Structures are given as C-alpha cells and as structure tokens.
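Protein chains in written order, with the working numbering: chain U, -4 to 256; chain W, 830 to 1166; chain S, 16 to 269.
Derived by calculation from the structure, the hints in this document are not laboratory data. Incorrect hints may appear among the rest.
[Stated by the list, open to error] Distance ranges between label pairs, derived from CB positions:
| hint | chain 1 | residue 1 | chain 2 | residue 2 | range |
| --- | --- | --- | --- | --- | --- |
| 1 | W | Ala988 | U | Val32 | 36 to 44 Å |
| 2 | U | Lys21 | W | Lys1035 | 35 to 43 Å |
| 3 | W | Lys859 | U | Pro52 | 46 to 54 Å |
| 4 | W | Pro1003 | S | Pro162 | 54 to 62 Å |
| 5 | U | Asn237 | S | Glu223 | 36 to 44 Å |
| 6 | U | Phe67 | S | Asp28 | 38 to 46 Å |
| 7 | U | Val32 | W | His858 | 42 to 50 Å |
| 8 | U | Asn53 | S | Lys249 | 39 to 47 Å |
| 9 | U | Asp145 | W | His858 | 30 to 38 Å |
| 10 | W | Ile1157 | S | Leu83 | 44 to 52 Å |
| 11 | U | His150 | S | Cys99 | 52 to 60 Å |
| 12 | S | Tyr160 | U | Asn194 | 44 to 52 Å |
| 13 | U | Asp145 | S | Lys249 | 13 to 21 Å |
Nothing here was measured: the structure is a model prediction, and the numbers come from that model. All C-beta atoms, glycine included, are put in the ideal place defined by N, C-alpha and C.
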Amino acid sequence: MRISSCAKSNIMVIITAMTKIAVKIKDFSFKYPDATVALENINLDIAHKERVGIVGPNGAGKSTLLLAIGNFLKSQAPVEIDGMLSTKDNIKKIRQKLGVLFQNPNDQLFMPRLFDDVTFGPLNMGLSKEEVILRSKEALRSVGLLDKKDKQPHHLSAGEKRAAAIATVLAMKPEIITMDEPDSSLDPRSQNKLIELLNQMSQTLIIATCNVNFIARVCNKIVLMDSGKIIAIGNRKEILGNQELMNKHGLEVPAQLISDD
Amino acid sequence: MHMQNELLSMPIAVSGFAISGSWLGYICHKSKEAIYAEKLPLMGILGAFVFAAQMINFPLPLFAGTSSHLIGALLLAIVVGPDLGAIAISSVVIVQCLVFQDGGLLALGCNILNMALVPSYLGYWIYNLIVGDLDSISTKRLYASTIIASIIAIETAAALVPIEVSLSGVLRVPFTSFLLTMETLHLIASIIEGFITASVIAYILKVRPQILSAQCSRESSYSLRAVLTSFAIATVVMATILSILASEKPDALEWSYKDRPDQANFKPIIDNDSKKIQAVDDFASKIAIMPDYSNPKVKQSEAAISNGWTSLAGILGALITMSLIWVITTIIRKQKS
Amino acid sequence: MHHNYIDRYSDGDTIIHSIDARVKILSTLLFTVVVVGLPRYSIVPLIWFMIGPFTIFTLAKIPFKFVLRRILIASPFIITLAVCYSFIDSDTRQVNFGPWQMQIKGSILICANIIIKFILTMSALTALTATTPFSSLLYGLEKMYVPRLLILQLAVLYRYIFLLIDVSGRYLRSYSARSLRYLGFRREATIRSAMIGSILISSLDISERVNLAMIARGFDGKIRTLSQEKIRGKDLLFATIVCVYLVVLKAILW
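Full structure from sequences and hints, please.
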C-alpha cells in the first residue's frame, strides 16, 4: 500500500515534469526598503497541476516568495507565469491565470456582502453579467457557502471566511492558485473541511505554511525554505519525513509520516 | 454637531446638498489621476478608522466623569492630505447618518459641509501655514500649529450651524446668542481635538515618520487655491440664498405665523393679498379636520371646543389604528407559525 | 466581539426587508420632506404620520425599544435647542384638546412640534436602515446616480468598521487590564493617542493589503458593479401605498 502510493507520486512527478511550466522563477532576489534581505537566489519551477507546499519557520520568506510569484514585487529577475513575463500587456492575463489567497481573509473580503466580494474578480475580467453570476454561484457552491451569499463577511466564522476567500479566487477560474497559510486560525474540523476542498481542486496549488501536518495531507511536492533561501525541494516523504532536516529548520515530522514507518 | 432635518428649511437643505455635492464632485474629478486603485481602499479604511478611534475616550481634566473623543477631520487631512481626508470624513458622515441615524437625511448635505469639507480644508491649510519643516520640528511648534488649526477649523464649522439654522428660519433662536453658545462649547472641544491630533501625529513621527513625509513633500499652494475657490463659491451661494430669504422673510414667514397660524408654512410666492388664495386658505382651514390650535384673536369658543374634541379623537384614532395594525400582524404571524 | 447592535435587524426576511432599496430610500426621503414641511404649530395631526413607520416596524419585526433607543441617542442636540427655544417670548395661543382648553406660548408649541417631527423623521430613517442591509442601500444609492467611487468607498468603510472597532476594543481592554489608577490627563491622553496612532498605522497597513487583494483580482481603478435588482410589483405597490398614505394624510389634515 505504502509502496504503491509512493510509486504513484513518483509517476506523477515524472508526468508533470514533461508538461508545460506553470511558474518559473530564476535567480530571484528581493530586498525590502529597509535593506533586510527577504529572498535570495530563488530558483523554482512548478509544473501545471502540481501541488506544491512551501514550508519553513516564521520569517523564512514564504509569504514574500508567494508575493514574488504573484508578481507583486519589483525585482530585476523575471517571474514567468505559464510562459508569460509580467509586462504591462501581460499583467492582466497573468492576473486571470493566477489566483492569490492572502493570509488574512479579512484583507480579501473587502465588500459588505459576500456575493459582492465573489463577483468582484469576475466583473473586473469584463465578463457578461450572466457569466459573472453563474461563475460566482458555482464558486460559492463548491466551497459550500451558496446559502450564505447575502451574508456580511463579519457574520461568518473563521472557517467560513477562509472558504469565502477561496471562493473569491475560484470565481475567476485561475489555473494556478497561491495560498498563504490557508490553515491558520482554523479549528481541526474546519481544517479537515479545507483539506477536503483543496484535494478536490484541479488547479496548480502553491501553498505556504508552517503546519506540516496540514501540508502533508495536501501536497506532494515540498519546498523547504529558511532565511530567504530554498533549502531543499523534494517529495513529501523526502522532505517532511526527514527528521534531522525538519528539526534543523524549526519544524517537525508530520504525525502521519511517523506512523507510516 | 450633527444637525437634524427639523432645523433646516428646504432651500437651505437643498443648497447644502448642492454645495457639498459639487465640492465632493470637484475633488473626485480633480484627483481622478491620484485616486486610482491604490487610494480607494485607503479612503474607505480611513473612514472605518475614524469610527474605531472614536471608541477611545479621553477623560477630560477639568470636568470629572466627562470625556471627549477624536473627530478626525484634521488628523486625516494631515496624514493623507485634505482631498482624500475630506472624502473619507464625508463618507463617515454619510455612514453616521445611514447606519447610526446621527443627523437627518435632509440635513446630510449641510452636515457634510460643516463636519467634513470645511474642517478638512481649512484645518489643513492653517496647519500647513504654521507647521513648517517636519524633519526638524519642535514638539511645541507641532502642538501649537495643530491646536491653532483645530481651533480655527472647528470654530468655523461650528459657526456654520447657527448660520444655516437662522437662514432656515424654522427656529428663531437669537442668532448672536446661538452663535456664542456654539462657539464657546466648541472652543473646548477644538482645543482637545487639536491636542489629541498633535499627540497622534507625534506618535506617528516617532514610530513611522515616512507616512507623514510622503504628505509633506506635496505642494500646499494648490490646496490653498482650492480652499479659497471653494470658500468663494460657498460665499456666493450662501449670499444668494440669504438675499432671497431676506427679501421674502418679512412677508412670508412673519405673515405666515403671525396671522395665519393654521397655514404656518404657507409661502405666498405669488401675492399675499390675492383674494383667491385667501379664499382657498379660508376654505382649507374650515374643512381641515383637526386643527389643534386656534387663533387667540378670534373668539370662537364653540368652534374651539369642537376642534378640541376632534384633536382628542384624532389622537385616539391614530393610537387605535396602530394597535390594530400591531394586533393583526401578531395574529397573522402566530397563525403562520 | 460581535457588533449586533449596528445591523441587528437588517438581515431579516420579512416583506419589508424584501422591498427594493431604491423604493425605500425614496419613500423615506418623501416622508421626511413632507413631515418637515408641515405647519409649525400643529401637534395632534402629526401623530397620524407615526402610523407609517409604526406599521413598518411591526411588519419587519423591529422591537420598539430598539427604535426608541436609536432616537434617544440621536436626540440631545435638537432637544436642547428646542427646549432653549421654548423659553423665548412669543404670543400665546389657545389650545383645545378634548374637554381641556389652555393658553400655551407659541414657542412651546413650536418646540413640541419640532421634537415630534424629529421623532417622526428619525423613525422613518430607522425604519429604512433597520430593514435594509447596508450593501442593498449602496445598490439603491448607486442606481440613484451616486458616484461609484463613493459607493465602493462606503462599501469598504462599512466592511472595516467592525474590524477596526474590534482592534480598538482590544487595545482598550488590554490597557484597562493593566492600568490601576488615573495617571493624570497628560499621561492618559498620550497613551490614548498612541493607541489611536497605532490603529491608524494598522489601518494604513490593512489598506495596503486590501489594495494588493484588489489588484490580484484584476482591479484597475475602474469600478464595475453587478446590479441585478429590478423593481417588481410589490415594490411598486409599496411605493404607491406610501404616496397615497402621505397625500391622503396631507390632504385630510391640512
């Protein structure tokens, strides 16, 4: 059982490696205005349909890397999304291809009614009214919040807020979604719901978190970061199962992988 | 300082809307390039900040048990500039009206003018005149400039209230005593507001000065021009209204409530002496069901008594109607559930 | 922390809640204009205007206590003014009420008249805002040609009121948990200014992140909105009832 799942993931890695690159970052470095180095020499390729977990301790640069992938940072080095550089002409296309889930759902839900938040993205894409409504309802249904579409965001629970934020991204039908600590401040039940939802999604997912138990249940490919650098890239077992590596960077081996041995 | 509907007459309320509407429209139009995507959430969230800041009460030193809170117009004008600040405070006033019922719907235009537009621009302009270079500023100068700006801005805004009320002529409070009361009350408030604003600015200078320096580098002359233009426009509009009112007042308002108490707000736009209108009025006052007062000069005791009974019946009738509505709705609701 | 006191009843599902916001806004405006324009000395007939807001509160299941509190909170300024005014000398008037007849100063009549009108228009405004979610109000305003910039702005403002009030609530609680005595005005004021300052800084930070979130979803400064609300039969019916009610009252009573 264990061998077959391992083999399957290996096969998946091989298959995805052959398809087109979703995200390509080469020699990317970034300094904040106060001269602290946030990212140093990042090289990362992510294939379509891949689920990548970015793990690392607090302040490792995970969020900054996601901002870099989202083309929010100004740097000399290019970030390619689906083979496109972020030029002025391309940026609109990139925004449609790449959905961004921010760390705090309160930053992402900025309208007084949930449905207005979900329609915000599709409306900006210039879709027809019918299409906007259709997509938004579909997105809300897929996260299980369709019956709460007229609620005000501050009336939602933390788990619902997170799901709502995901719906705002899904409504734009992006091919790639980056998520910054989607598991934070969720109780175990909401976390399980979120994992179920993520595992149903077919998009390329790039998830940054320091919760290894969570990431082990969602992602195959793991990127370990510490102090602005990529330390290791590998599959779930190689990185998360490596006791020494995990402990060295302030993390732990997920319970799920320990019981496997 | 929120004004209510009932203190204003229709022309003043409408011109309040006209002035603040066009002023806001002008800002939005002028800063169309400046208010692109990134400023939009900023203004909204700053508006929300004002509500949050108003939660924090400052206990007053001289009067135990009393407290005051920030109004915010001057603070926002200093931190993000008068244009964005004025828009943010205007939305605060709108939300105060629509959500918290502070100030009436009709008075909204005047309230925006008094509480958002005038204090933001005037305060910012005066602050900028005095404050000078922020990098090497002494604490004394910072406090002095903010408090002076605050006093002038808020006292001017407070003076607008009695002006608008007496222009409206609904409440004939003697103008000078009303003005003096408002000014004295707001003098204390404005000094405290200035003090709070200054210490918030001092805190920001200590913690994150770059927020303020972005604002300082901006040229202040254009906002001076904007202030002067806006004041000029406001003065012309106000003067026009005033002159209209002044020409109308002696015969309209006086006439209406001295001699025709049953038609108190009747405004003889065409001609007071017109027999036809008089006849129509007389007829209207005769068939009116519930005049609950009568002219003291006319001794019609019988009519007065019958009038009295109709007004009692009127009150009872209204109360009975309301209780019927309540009973019926409750019964229907109970049956449904 | 929950802020149910702000929009406790606007999410209801009664017939009043389902009426289109535009119709409700215009009705409230019409009601206010009519009431404010009523004669200055009349008092008793005004009570008939209360039936309108009263019916709406009843139908929309809004407790009268809530309405009363709202009106009381908004009242100090106007009541002070009106009461001050009632001391001003003016000619007396004969007032007949049922079997009673009395001479009352005209200024007291006006004072009572203003306070009653204030209660009426405040009730109408409360009826509007307590039965309409803020987002629907904004939709209504947008349809009535209020600039979209202002609408989106107000939307963001309303959304973050709750969040930032929470922040200041937390500051105040954690401060009161540690402050044991009054430190004098200067010191207390500096502490509170620091609280306000840091709320301001975090507001600026939030706005930066919200700005990113907006850009991430393709926002380019052009405001697009989805307005699907259409005026239906019941909205027209409501509007007609309001108009007929106001016109009939005005015609009968004056």
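Here is how each hint holds up against the structure:
Judged by the Cβ atoms, the range 36 to 44 Å given for Ala988(W) and Val32(U) is violated: they are separated by roughly 56 Å. As the Cβ distance of Lys21(U) to Lys1035(W) is approximately 42 Å, the hint placing it in 35 to 43 Å holds. A beta carbon spacing of about 49 Å between Lys859(W) and Pro52(U) agrees with the range 46 to 54 Å that was offered as a hint. Remark: the range hint 54 to 62 Å for Pro1003(W) to Pro162(S) is contradicted by a beta-carbon distance near 40 Å.
Between Asn237(U) and Glu223(S) the Cβ separation comes to about 37 Å, which falls inside the hinted range of 36 to 44 Å. At roughly 41 Å, the beta-carbon separation of Phe67(U) and Asp28(S) lies within the given 38 to 46 Å, and the hint holds. For Val32(U) and His858(W), the hinted distance range of 42 to 50 Å is satisfied, since their beta carbons lie about 44 Å from each other. Checked against the hint of 39 to 47 Å, the pair Asn53(U) and Lys249(S) fails, with Cβ atoms roughly 55 Å apart.
Judged by the Cβ atoms, the range 30 to 38 Å given for Asp145(U) and His858(W) holds: they are separated by roughly 34 Å. Between Ile1157(W) and Leu83(S) the beta carbon distance is about 22 Å. The supplied range of 44 to 52 Å is therefore violated. At about 43 Å, the beta-carbon gap between His150(U) and Cys99(S) misses the expected band of 52 to 60 Å. The hint said 44 to 52 Å for the Cβ distance between Tyr160(S) and Asn194(U), and at roughly 47 Å that hint holds.
The supplied range of 13 to 21 Å is met by Asp145(U) and Lys249(S), whose beta-carbon atoms lie about 18 Å from each other.
When the structure is compared with the earlier hints, violations turn up for hints 1, 4, 8, 10, 11 and for no others.
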